Every structure is written in C-alpha cells, then in structure tokens.
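Colleague: Could you put together the complete structure from these sequences and hints?
Residue numbers for the sequence shown follow our numbering, beginning at 23 and rising by one.
Pair by pair, the computed Cβ-Cβ distance ranges are:
1) Tyr150 <-> Met68: 14 to 20 Å
2) Ala161 <-> Val69: 23 to 29 Å
3) Ile185 <-> Ala109: 21 to 27 Å
The set of hints was computed from the structure by calculation and includes no laboratory data. A quick note: this is a predicted structure, and the numbers were derived from the prediction, not measured. Just so it is clear, CB atoms sit at the ideal spot from N, CA and C, and this is done for glycine as well.
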Amino acid sequence: MELKPIRTDDQAAGRGISYEPAQDVAVAEQGQRVLRNTYLLLALTMVPTVVGAFVGMATGGIILANPIISTLVMLAAVIGLQFGIAANRNSGVGVALLLLMTGLLGWWLGPILNFALAMRNGMQLVGYAAVGTGVIFFAMGAIATTTKRDFSFMGKFLFVGMIALLIAMLANMFLQIPALALTISTLVIVVFSLFLLYDLNRIIRGGETNYVMATTGVYMSLFNIFANLLSLLMALGGERD
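Modeller: Here it is in structure tokens:
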C-alpha cells in the first residue's frame, strides 16, 4: 500500500526556500534540532508498530476475508489520520494520532508477516527486509546531511509518481498480474527511497520545522519500503514447503 503524509503547506509543492547568509547558522541549528526530535519520535513509533504487527498476525483473517474492501478502508483511515495529525501537529494530540496510525499500519503488516514466516526461510527474509530498509534509510540520511544540494525540486515528481503507483496497485488488486505486482513493488521502493531523501533534506534545510509532520513523512516512507521489499523477497527468494 503506497501512502504518504498529507502536505498542508506550499513547501509540499517542492518549492525551495532561500535564506540570507546571516540566517544560515540558525537554520542549520533548527534543522538539526528537528532532525533529532524526528529520530526520537520515529524510534517511539516502532513500539505501536511491533505491537500492532503481533495483533495483526493473530487477527489477519479479517483482512484476508475481504482484501479489496479492507484495503480501501485502511487507505481511508490512514489518510483521515494524516489530516488529523496535520491539524494537531503542534500538540500532543498529533503525537497520539501518529502513534495510533503506526499501530494500525503495524496491524496491516500482520498478514504479510504470516505469509513470510510460513516459508522455510521466512525469518531470514524478514531480517533481510529490515536490514535493507535500514541501509536505505541511513544511505539517504547520509546523502541528505552531507550534500549541499537542494532536493526540493523532486517534490512534485515524487507526488505524481506516488499517485500513479497507488492507482496501479489498486488496479492490480482486480487484475492480479504477478509481473505487474513485482514491478510496482520495485518502483515503490525507488520512489519512497527518494521520498526519504527529499524529506530529510527538507528538514535539514529548514523546509520542515515540525517534527511530528517530519516523522510522519519518514515513517510512511520506511513502512512502504519495508513492506514492498519483503514482498519482493518473498516472490523471488521465498522457499515454500
């Protein structure tokens, strides 16, 4: 499922922000502060994600009974929560809604994890997906923090790509074309890896000053990368009994 946080300011359109030289130090300090808070909150989101995943593994039959309806309901719920997070981003309510959303998405991962762990090398595949997601995260973070280049120009292109992938995913739920599913998963990993670079770069350059919204963006990218990387690994390297 390809999801991305709702943007509520004109920076989401990919516009760059320029500063006078005297502001550079203040902007850099603010960016580092937001980045630290983002990483701390991101670590906290892993708790409801893991709890939700265990619940999802035990109750995943609800999703599998009606996968199309479940997907549409989940999509609507996550988008609604993102609007709620954006509206309350400056209060504890925003943090609570973010944790609720991550728990819900963790629950959504339950059936995927069940499929993976049913394979002989399932635990290994889950580990590979987690490590691969971590490598992408740290690589994009390293690029974002060491380069002086402004990646804000990618915003519009990535948003269009995300919408196109979401439409393709929904269409393939009816078409059930394995090759298309693999192609979509591959493109999702690429698009959301670039979204990670885009979001982290915006934080560092002062384009995103709210750590709740920043965490929401980074989390959604990591979620999509992990889920689709695991799907690819299961399709290409899964060992069934």
